[in-house]
Each structure stands twice: as structure tokens, then as C-alpha cells.
Amino acid sequence: MQKLEDVVIPMQPTSISIQLLAGNENYDEIPYLKPLVPFDDTVISFFDELSMILMKHPQGRDFPDVITFGFFIRKANIKRQMKSYTCLRSNVGRGVSFHIAPSNVPINFAFSLAVGLLSGNACIVRVSSKSFPQTDIVSDAISSVLEKSKFSDLKRYISIVRYQRNNEINNFFSSLCDIRVIWGGDNTISELRKSPLPPRSFDITFADRYSFCIIKAEEYLDMQNKKKIAIDFYNDTYLFDQNACSSPRLIYWVGSAKLVSQAKEFFWSFLHEALIDKKYKLQSMTAINKYIASCQSALDYNNVEIPKVLDNLISRIELKNLPADLPERTCGGGSYFEYTDDEPDKLFDIVSRKFQTLTYIGYTNAELNSLFIGKGALGIDRIVPCGKAAEFSLIWDGYDLISHMSRVVSID
Amino acid sequence: MTNEEKYNKAFIESFGIEKDKLNGLKYQDVISWDSIGHMQLMTALEDEFGVELDIDDITDFSSYEEGKNILSKYDVNLNV
Amino acid sequence: MIDNSFLTKPVFGLDSTSKSEFFIERLRLLSLHHYKSCNSYKKLLDAINVNPEEISDSSSIPFLPVSLFKQYDLMSIDSDDVIKTMTSSGTTGQQVSKIYLDRNTALLQTKALTKILESFIGSSRLPMIIIDSSSVIKDRSMFSARGAGILGFSIFGRDKVYALDENMELDIEALEFFLKKHIGKKILLFGFTFMIWQHFYKLLKENDYYIDLSKGVLIHGGGWKKLENQSVSQGKFKEEIKAVCGVEEIFDYYGMVEQTGSIYMECEFGHLHASIFSDVIIRRSIDFSVAEIGEEGIIQVLSMIPESYPGHSLLTEDKGILLGEDNCPCQRKGKFFKVTGRIKNAEIRGCSDTYATNFN
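Chains as they are written, first to last, in the working numbering: chain A, 3 to 414; chain B, 19 to 98; chain C, 124 to 483.
Some hints could be false.
Residues from chain A shown here face chain C by an in silico Cβ test under 7 Å; the list is partial [what the hints assert, rightly or not]:
| id | residue |
| --- | --- |
| 1 | 285 |
| 2 | 307 |
| 3 | 314 |
Dumping the calculated DSSO-like pairs for lysine-lysine here, alpha-carbon to alpha-carbon at most 27 Å [said to hold, decoys possible]:
| id | chain 1 | residue 1 | chain 2 | residue 2 |
| --- | --- | --- | --- | --- |
| 4 | A | 310 | C | 165 |
| 5 | A | 283 | A | 266 |
| 6 | C | 193 | A | 132 |
No lab work stands behind these hints, which were simulated from the structure alone. Glycine included, each C-beta is placed from N, C-alpha and C at the ideal position.
Sequences and hints are given; from them, build the entire structure.
Okay, here's the thing in C-alpha cells:
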């Protein structure tokens with residue numbers, strides 16, 4: 003029975019169809035479900051069973067991102083993550099989380115579901131209107147796990163849905179939720195913000211971000227595993243066509259001109275080999291787009307150098323300085339800006355709120371600490387070794403998601 | 019009407035300009051002598067003098083003076 | 124300024140050796156000219172470390188991607204000398220290419236076009252049916268590609284009629300009157316491929332109308348994309364047109380607003396030919412190297428015409444195949460090729476939906 007203070011919940015729109023991929027179709031009951039505690043046992047058990055199905059999936063070889071997700075949600079990893087959360091004793095989920103997954107990263111919705119459930123919330127997750135095999139694989143697996151009687155109650159907490167972009171439906175789900183988690187960048191965020199939220203509800207937004215890489219030339223030259231570094235860099239970039247928010251688009255080389263020049267030769271050559279090994283496919287339009295991006299930079303900036311490269315797999319744009327509008331250039335598909343300096347401090351001239359991930363090669367934690375923490379830069383949410391840029395974590399984009407998505411009950 | 023008067027009339031009517039603008043007038047010197055205006059002038063001259071201009075001559079017809087030279091190839095004497 | 128004597132050479136008469144001598148030299152001089160007169164062009168060549176003085180063969184002439192003309196105002200003249208700005212057609216909200224012409228380049232374009240057409244349809248002017256509506260050239264200050272095309276070809280028309288009224292409906296009365304007036308004469312028809320199909324052919328067919336254009340020659344251009352979407356092949360287009368109005372001589376052409384005038388006309392064997400004023404290179408997308416004959420790649424177009432803007436060497440967003448050089452059965456010399464379509468927009472992965480929204 004609705005009390006007076008409760009928010010009036012509009013009727014579910016019937017004009018456009020909402021396709022249910024897994025879970026609960028009875029959306030009206032979802033706001034009334036009891037929130038769970040973070041890292042609830044049933045939830046962990048659910049993810050563990052899901053993990054087992056996905057890790058052994060016959061199509062796993064074709065979709066490494068499915069395997070990566072399966073690996074992340076396995077019990078051992080969740081238990082490990084739990085250890086960092088020592089003060090969640092009086093936390094409980096906020097209620098309902100409504101997630102809008104990005105159009106073009108098929109597995110992202112699953113990670114979002116994981117943080118939603120692990121923080122104690124029921125989850126309504128809208129997947130991309132584009133059909134991906136990975137999405138089907140994971141949602142089918144979720145459905146089959148939820149069929150078990152021990153998860154019959156948990157089933158009510160999960161709704162994986164798909165619908166064509168539609169304000170009415172966005173309005174409906176937004177009105178039901180306590181937290182709205184929006185992936186997909188600035189445009190998607192503006193779109194969803196058109197739908198009002200109840201007074202105590204809030205957005206967690208994953209806006210357009212910019213990421214880059216810092217390489218200390220001298221250290222790099224001494225490294226014995228240059229081939230592995232190239233594969234790591236590939237995983238940060240080409241695995242997502244350089245379009246993940248954490249994919250580096252700028253490489254800041256630290257060192258003397260001579261050392262950097264030597265380091266570049268090795269770095270790009272090893273990367274090129276990795277691309278050939280992995281049979282990376284470059285689309286014609288991408289080759290043209292990268293060439294356009296290089297031309298635009300040459301026209302918009304001064305003294306740009308576009309070095310000759312073996313082929314169009316890797317496009318390089320060498321800058322003499324770091325312009326403030328650089329983060330607006332997001333070509334993708336393997337187009338890298340490069341800047342060289344004796345010292346790393348020029349970075350701070352352009353670091354803004356948009357900067358998310360900094361990957362590094364040739365630096366120690368101590369060095370990075372003294373370089374970045376406490377400098378008060380408006381951006382850079384995470385600093386990780388090259389290869390770990392896209393590794394999902396419960397702390398993402400500067401949000402401690404578990405804490406953020408759960409509610410503290412204070413009892414004196 | 020003399021030939022020269024007919025010639026001038028074609029210009030004046032096609033472009034809506036005064037007679038004093040004619041000497042030294044070149045294609046694109048006035049807004050109305052654009053590609054469309056040019057077609058109009060060619061048609062007017064062809065009708066006026068009963069000739070059919072060659073494509074090359076249409077392309078080369080770039081000024082009031084040049085036009086007189088061109089028409090003389092079609093036995094149109096513009097000095098009477 | 125630069126030697127224009129190439130205008131007097133036979134349009135399809137020189138084989139590759141004879142052509143290359145002056146073609147490469149002119150393009151080298153054009154590159155040098157644009158390097159000195161267009162700051163943007165200079166910045167680009169400096170960035171890729173190309174010295175225009177040292178250009179010695181066609182494939183080493185740097186190429187600009189056509190879309191640069193949408194974003195930047197690229198010109199090698201003072202803005203005072205601009206007599207005409209051509210724009211590409213675009214849907215609302217899209218940026219269009221801006222091509223700045225001075226008197227000289229506009230004239231060169233016209234000369235090139237007329238020479239090419241003359242070699243196909245002779246130099247006498249013909250009664251002409253323009254398969255479009257006169258409203259397309261209503262705004263005389265700014266010509267779209269469609270308007271410019273019509274005007275460019277109009278020079279061949281002795282007496283002109285527009286086949287469509289302002290509502291894009293067939294003006295049968297005007298056509299009948301026109302045909303009666305010019306009975307027995309060869310008629311030139313011109314229009315854009317899609318317009319002809321949608322507004323001429325379809326209306327004739329729907330109304331079960333047959334007009335006798337068996338003495339006609341049809342020249343059309345503008346691309347096949349829309350017709351492909353309707354599953355109309357090039358062969359079917361020709362058959363159907365012939366069926367509704369008897370036209371047998373049908374010539375397609377490939378051209379773009381960024382290089383007007385030096386168009387590529389289709390010969391009787393269905394091959395597009397590079398005239399003396401142009402050249403075409405097919406490039407592999409993997410590394411932009413020159414593709415072999417028979418190998419599909421991205422079309423690069425070269426033209427001797429553009430002096431007022433750096434448009435002499437452009438990378439298009441079309442795919443094509445080079446079919447041969449100097450040995451087409453139609454006897455015309457020079458390279459001949461076919462266009463196989465537009466390059467698809469890239470399917471990209473990634474967190475941001477910015478690009479994705481364009482494709483949803």
C-alpha cells in the first residue's frame with residue numbers, strides 16, 4: 003500500500019515495448035524490495051555460479067571480455083575486493099539502481115549490474131539497443147542461474163531490459179530508482195537528465211573522459227620484456243579500438259631527445275608486431291579518419307610533425323607543446339599524440355576534470371605518489387601500470403562505487 | 019537599330035545596367051553577369067543576331083570587347 | 124601564371140608516357156603554388172615533411188582528405204578574388220565542403236568540362252532537357268553541387284527546358300511542346316542519377332507514358348548509392364530508361380564539387396575515364412600504398428585545374444578499382460576505372476556514445 007509520503011509512481015508505458023532479457027518483469031514491485039547489505043552472501047553465490055558458466059562457455063574463446071567478466075565476479079575475487087571495505091557494517095543498499103549501459107561496450111552492463119547488486123541494490127539495467135553476442139551470452143547465463151530455487155528471491159532484484167531510446171520509458175525507470183548509473187558519455191548523460199529523479203535520488207555519471215600514458219624513456223630502454231609491454235599497451239587500446247574512456251590517446255615521453263628517440267623506435271616497432279600477431283583489423287574509414295585527425299592537428303596547431311609510419315595501423319602526431327583543447331580530439335582506432343619533455347610537469351598544464359586514467363611505463367609507485375598525489379590536480383582518477391587501463395574495479399572514475407551506492411545507517 | 023545598338027541592348031537588358039557601364043565590362047564585374055546571366059546574354063545575342071554560338075566561343079566570351087571580336091567571326095559587324 | 128597549354132591537347136589522346144611528362148610537372152608546380160599561397164597547405168606539407176620542389180611522380184604528391192574542405196576555408200587567393208563559392212550538397216545540420224574559385228580557376232573548370240563533353244557529344248549545341256526543376260538554380264549567389272552541375276552542362280544546351288516543375292512533378296506539356304519543336308533532332312538530356320530515376324523514370328512509368336527520346340543522349344552523375352538502396356543496378360537503370368523513352372546513349376560520370384570540371388565520363392564499355400586533365404590512383408587502406416590493377420581501394424583523384432584552392436590531389440571516401448591504362452576497348456587513352464561504392468562508416472567500440480548516436 004502506498005503511503006502519502008511515497009513518490010507517486012507512474013504507470014509503466016505500454017506504447018513502446020520493453021524487452022526483458024533476464025530477471026523480473028514486475029517493475030512496480032521493485033521499489034518495495036528490501037535492500038540487501040553490501041556483499042550479501044546470496045549475491046556472492048549468484049555471481050560465483052554465473053562465473054562458472056561463463057568461464058566454461060563454449061564461445062568464451064571468441065569473446066575474451068566475457069571471460070574477463072566471469073573471472074572478475076568469481077568468489078575468490080569478490081572476497082578479495084571485500085577486504086578493502088572494512089567499515090561497511092552499518093551499510094545497506096539504497097534501494098533501486100537504474101543502469102544505462104553504453105551503446106558500444108557489450109559487457110559493460112554486466113559490471114554495472116555487479117556493482118549495483120554488490121552494494122545491496124535491486125538493479126534495472128538497460129543494455130544497448132544494439133545486439134551483441136556477448137550481451138546475449140551473459141543475460142542467458144543470468145537467466146539460467148536465476149532459475150535455481152535458491153535464487154528465486156534474488157531474481158526479483160534483477161531486470162535486464164532492452165528498449166529503443168525513449169523518454170517515456172526513461173522517465174518511468176528514473177522515477178522508480180534511488181540511484182541512476184549512466185554510462186555512455188556526455189550526450190547520453192544529457193539525454194537521461196531530461197528524465198526527473200525523485201528528490202533523494204541521484205546520478206552516478208560516467209562522462210567523456212580522457213586518458214593518457216607516461217613513459218620514462220631511460221627505464222623503458224632497459225626493460226627486457228618490451229614485447230610484453232607492447233601487448234599490455236595493445237590491451238589498453240586496440241582491444242577497444244582505442245575508444246574506451248581509459249584508452250590512452252596521448253603519450254608523454256620523459257627523457258632527453260636522444261633517449262626518447264631511441265625508445266620510440268622500439269616502442270612503436272614492438273607494438274606494430276603485436277598488431278600483426280593479433281591480426282588487428284583496420285577498417286578503411288578508420289584509416290581515413292585517422293589521416294583526417296592528423297591533418298586537422300597539423301592545421302590547428304603549429305609545428306606538428308607527422309612521422310612516417312610503416313602503415314596505417316598506428317598513426318602518430320608529434321606535438322611541440324600541449325594545447326588545452328587536446329582532450330577534445332578523440333579519433334580512436336590507433337591515433338596517438340606524442341609529446342616529449344625532460345620533466346613530467348608540463349602534464350599539469352592540461353590536466354582537467356576530463357582526465358581519467360594515467361598508465362605508466364618505467365615509474366615506481368613512490369615516484370608516482372610524489373608526482374601526483376597532493377598536487378591538487380582537477381583530474382586523473384587512477385594511475386595504473388600499462389596493461390591495466392581497462393581493468394574494471396569497484397572504484398571507477400573516482401567513485402568508490404560500493405560506498406556510494408549504499409546507505410549508511412547511523413545508530414547512536 | 020544599328021548592330022552596335024542591338025549588341026548594347028542585349029547587355030543592358032540581360033544585366034539591368036546602364037550604357038555607361040559597358041566599356042571595359044568583364045564577366046563577373048557586376049553581380050548579374052554570373053553564370054546564369056551569361057546564359058541569358060548568350061541567348062539574347064543569338065536571338066538578336068540569328069546566330070548559333072560555338073561552345074568555345076561562349077566560354078571565351080569574357081568581356082564586352084571580346085564579345086565583339088567573337089561575333090565578327092559570325093559575320094556580325096558591330097561597327098555599323 | 125602556370126602554363127595552360129594542356130588545354131589544347133587531345134582530351135583522351137595521350138598515353139601514359141606522353142601524359143606524365145607535363146602532368147606531373149604541372150601538379151608539382153601547383154603543389155608549389157599552393158605551398159606558397161595557402162598557409163594551411165604549407166603547414167600540412169611541413170608536418171608530413173614533403174618538399175613540393177622535389178615531387179617527381181604522381182604517387183608522391185600529397186593528398187588531402189576531401190572532408191578538410193568542410194571544416195576549413197582552404198584557398199590560395201585573397202578573399203577579394205573569390206568570385207564563386209561552391210558547396211557540396213548535404214543534409215541539414217551537416218557541414219558542407221566550401222570550394223573557393225577565382226575567375227581563372229572557374230574558367231579552367233568550364234574549359235575542361237566542355238572539352239571532355241565535346242569529345243563525347245560533339246561541339247554543336249543541342250536542344251537540352253534538364254531533368255530537374257528550375258528552382259534548383261534560384262539562389263544565384265550560392266550554388267549547390269546540383270545547381271553548379273546543371274549550369275556547367277547547360278552550356279551545351281541551345282534551347283533548354285526543365286522537365287520538372289517546382290513540385291518536382293513531370294511537366295509533360297512543356298516536354299511535349301519542346302519535343303515537337305525539335306522533332307528529328309538529337310537531344311541532350313542531363314540530370315542527377317537519382318533525380319532521373321525518382322522523378323523522371325518513375326513518373327513516366329507510373330503514368331504509362333512514352334516519350335520518344337530515341338535520338339537523345341543522356342548524361343547523368345551524382346552517384347548510385349540511393350539507387351543501390353532501392354536495388355537498382357547500373358544495368359537495370361539503362362534498360363529501364365530505354366524502355367520508357369528510347370534513349371540508348373547513356374553516359375554516367377563521376378565527379379565531385381571539390382574538383383569540378385575535370386570529370387570522369389563513362390565510355391561505351393561502362394568504364395570511367397580519366398581525361399587529360401585528371402588522373403586517378405587507387406590506394407590500399409592499410410597503408411595508402413598504390414593498389415594493383417584490379418585491386419579495390421580508396422579512390423584518390425588528381426586534377427590539373429585547381430589553382431585557387433589546394434584541391435589538385437584529394438583522397439575521396441569512395442572505393443574503386445583501376446581497370447587498366449591506355450588499353451580500353453573504346454580506344455581512349457589514359458586510366459580507366461570503376462567506382463564500387465562509398466566507404467562505410469566505421470563500426471567503433473568504446474564507452475562514449477557520441478559517434479554511436481549517429482548510427483542508431
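Now the hints, each set against the structure:
Interface hint status for residue 285 of chain A: upheld, as the beta-carbon distance to the closest one in chain C is roughly 5 Å, under 7 Å. A distance limit of 7 Å between C-beta atoms decides the matter here; for residue 307 of chain A the minimum to chain C is near 6 Å, and the interface restraint holds. Checking residue 314 of chain A against chain C by beta carbon gives a least distance of about 6 Å; that is within 7 Å, so the hint holds. Note on residue 310 of chain A and residue 165 of chain C: the hinted pairing holds, with a Cα-Cα distance of about 18 Å set against a maximum of 27 Å.
A distance of roughly 23 Å separates the Cα atoms of residue 283 of chain A and residue 266 of chain A; the hinted pair therefore holds under the 27 Å criterion. Distance check on the hinted pair: residue 193 of chain C and residue 132 of chain A sit about 30 Å apart at the alpha-carbon level, beyond 27 Å; violated.
Checked against the numbered hints given earlier, this structure breaks only hint 6.
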